[in-house]
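Participant: Sequence:
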Amino acid sequence: MFCPKCGAENPEGAKFCSKCGAELGVSAKPSETSVGLSANVAGLLCYVLGWISGIVFLVIEKRNKFVKFHAWQSIMTFGVLTVASLVLGWIPIIGLVFDWIIGILGLVLWIVLMIQAGTGKMWKLPWVGNWAERQASKAS
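Using this note's numbering, you'd call the opening residue of the sequence shown number 43 and step up by one each time.
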């Protein structure tokens with residue numbers, strides 16, 4: 043659960059934000075970002091164009107950890123998939139198979155990550171998610 047005032051992550055069921063003390067609850071509005079969007083919308087938009095939109099939101103978002111997390115996760119996830127697809131695509135025959143697998147994996151991740159971010163969840167992918175969280179915390 044994220045604080046509607048400061049964007050800090052709090053344990054599920056918490057009544058007040060551990061960082062700023064604001065009241066938490068299901069009726070609270072989502073935190074706004076530096077660009078005036080709700081954190082959920084900005085988090086979802088981090089994935090729309092893959093690593094490109096991740097870079098855009100990383101540059102324009104100044105304070106919201108939730109958005110920064112999704113921007114870093116988008117950059118790493120789709121950046122790695124793009125590089126893998128480009129490299130493996132050069133291998134005759136088997137490269138095309140790997141390219142299709144990477145494409146399907148990318149599509150599934152794209153949909154799932156947008157849904158998770160849009161519903162306000164800081165859903166972490168294995169390896170990439172923890173790294174993205176550390177990067178988002180450093181920059182805050």
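Rather than coming from a laboratory, the hints here were simulated on the basis of the structure.
Treat the hints with care, as some may be off.
To be verified - In silico DSS-like pairs for lysine-lysine, Cα to Cα no more than 25 Å straight-line:
#1 Lys166 with Lys180
#2 Lys166 with Lys61
#3 Lys166 with Lys104
#4 Lys57 with Lys163
Participant: Look at each hint and say if it fits the structure.
Facilitator: Now for the hints, and whether the structure bears them out:
At most 25 Å may separate the alpha-carbon atoms for a hinted pair to count; Lys166 and Lys180 meet this at roughly 17 Å. With a C-alpha separation of about 22 Å, the suggested pairing of Lys166 with Lys61 holds against the 25 Å cut-off. Among the hinted pairs, Lys166 with Lys104 is consistent with the structure: their alpha-carbon atoms are about 21 Å apart, no more than 25 Å. The hinted pair formed by Lys57 and Lys163 meets the criterion: a straight-line CA distance of about 18 Å does not exceed 25 Å.
Checked against the numbered hints above, the structure breaks none of them.
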